[in-house]
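Order-wise, the sequence lines are chains E and V.
Taking the working numbering, the leading residue of the first sequence gets 1, the next gets one more, and so forth.
Taking the working numbering, the leading residue of the second sequence gets 1001, the next gets one more, and so forth.
No wet-lab data here; the hints were simulated from the structure.
Among the clues, some could well be false.
[Said to hold, decoys possible] DSS-like, lysine-lysine: derived pairs with alpha carbons at most 25 Å apart: (1) V:LYS1013 x E:LYS398; (2) E:LYS398 x V:LYS1162; (3) V:LYS1120 x E:LYS3; (4) V:LYS1160 x E:LYS306; (5) V:LYS1160 x E:LYS3; (6) V:LYS1110 x E:LYS306; (7) V:LYS1120 x V:LYS1110; (8) E:LYS61 x E:LYS213; (9) E:LYS120 x E:LYS82; (10) E:LYS233 x E:LYS77; (11) E:LYS294 x E:LYS13; (12) E:LYS294 x E:LYS3; (13) V:LYS1120 x E:LYS7; (14) E:LYS253 x E:LYS222; (15) E:LYS7 x V:LYS1110; (16) E:LYS233 x E:LYS249; (17) V:LYS1110 x E:LYS398; (18) V:LYS1068 x E:LYS398; (19) E:LYS294 x V:LYS1110; (20) E:LYS249 x E:LYS222; (21) V:LYS1162 x E:LYS306; (22) E:LYS306 x V:LYS1068; (23) V:LYS1176 x V:LYS1191; (24) E:LYS153 x E:LYS180.
This one's a predicted model, so the numbers in the text were calculated from it and none came from an experiment.
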Amino acid sequence: MFKLAIKNILFYKGRSITTSVLTFVSTMLFVVFVSMQDGSHNAMLENSLKIYTGAIEIYHKEYRDVGGNEYLIQDVKTIIDKLSQIDAIEAVSARYETYGLLSSKGQSAASMVAGIEPSKERVLSSLYAALREGEFLSDTSGNCLYMGAELVKKLRLKMGEELAFVGSASDNSFAADIFKLCGVFKTGSFEFDSSSSFISRSYFDKLMNGENKASYIPVKIKNLDEVDALNSKIVEVLNDEELESLTWKTLMKTLVEAMEVDNIFGYISLSLFFVVIFFVIMIYGFVNVSSRIKEFGVLRCIGLSKSNIFLLLFYEIFILSSAAIVLAAPLAASICYYYSINPIVIEGIAEMYKDYGIVSDEVPFDFNIFTISWNLGVIYVLNFLSVIYPYMYINSFKPIEASRHV
Amino acid sequence: MIQLQNVNKYFYKGEPREVHALIDITLTIQDGEFTLFSGPSGCGKTTLLNAIGALDSIDSGEIYLDEKEIGSLSEDARTSIRLNAMGFVFQAYNLVPVLSVEENIGFIMKLRGFSDAQIKQRVLEVASMLEIDNKLSSLPHALSGGQQQRVAVARAVAAKPKFILADEPTANLDSKNSKALMDMMRELNEKEGVSILFASHDDYIHENVRRIIKMNDGAIVDA
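I would like the entire structure built from these sequences, with the hints used as guidance.
Shown next as structure tokens:
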């Protein structure tokens, strides 16, 4: 049957080429589509985590739900020491966040003011990379404030100008100081850029009486895929019931929900894609088979069984789809690989999706051999399924009727 | 031996246009016969040939092939009968277009599991007998009608079936080729001992068969 299938393929060249081209195009589109969708999700996640949120953050248990200075993490140094023993952690730092009133000469605005460790923050987040004007903080930058561009606009500040801060210290006492605008950042996230400002912890801790305390401890990990396993490890290492270690999936619920919604639409698109591929291949296969009813009828008359006929059709589609997939797979993989390194730029996409943490117009593709492999498997399965109806159609004829079919 | 007992076949059964195509056919065909079913168009010759050849089902009665009842078998079982016991020669040749003459002749032997050496030897033998041994590598479309029909006969006879059923085998051939084909069929019948059943109007076949079964309106009128 295999030899007969090959001879059929070679004899009916036009039909064979068309079938292969359809499979080739379907494979290309499918692999590239999935790569693009996965890539945009990864970018969405990576961008969001890069700005400020850690892949994992450690809190005192009531801090996120109740809030307040009594739920600050104490003895931060011991916790950092414990965390530094875990190899899979790339960077860890302690942040002291508070909310206060910032006042320039003419304007006031509520803002998050966070005391950060500038040298560690360069590795941990994209705050340093987001610098637009002035300079980033250093451990000795004193009362220098590093402020989001939208907040700077709101307060109508110029570089080097002073502004007043009024807030509450860690012991709930009144805290007030004069800061100086030394640097402006822009991450692209409007909400973040309009409500955040940073200051070196070495200075801020004294003002807030926050030495060895932290609002939370963000952790950057080497491999994002291992976040759940690493989170369990952190809980085990800390062994402190008052602390909770949360992954980005909990921390960024909005993003997770957005990705889930996008996934649902992605799966719907994929389903439609499957249906289109399936029907295109099946209808073409059906038309082919319809034009060969007499041929199959003759074969049945002279002794080919139904299973022989199925095997013949199966071999034909297997050979044609294999040829198409063998050609399409490296090409599609190359496209995915190329665009994973050189992302496509879609002007305005960051603006459109800024609420979801998208800060770049670049849409990188995902290059993942496992994903490409299952994509190819799906195309194979669709091709094989597309044989079933034409096969049933052939068998609806009696052999002798089919052999007389015109 | 083939035996038919009270075989009936209807087309469009239960519909207003119902046709009683075979009416109580009872008949015995011995091994080695060279037999013609004759009669006017629409008398049931081809329908009877198809029933005997396990190509079509019947509505009532029994058909025995060497004492095995084949009329009520499933399509799969009938396929096996066709493969192992029957050879077919069709009016329109019905060769497999993608296979060479050699492959067409050996096709049924291949399906029946003969070895490549056995197939090659038998194909050469049959092709030589039918004088198509110089066309073995050709594809069917490169052959004349007469040559294609010889290939069809060679395919039918190569696997040494007990019966060859030939439905209007000369209808598309000129008189010279018809005569040549009949001479070859007779030779095969005599040399190979294969039973050959024809359905035909051809006068030359009438003159050369040993038994004529006349039919009219679905019934046998003279066996």
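Among the hints numbered above, which are violated by the structure, and what are their numbers in rising order?
-> none
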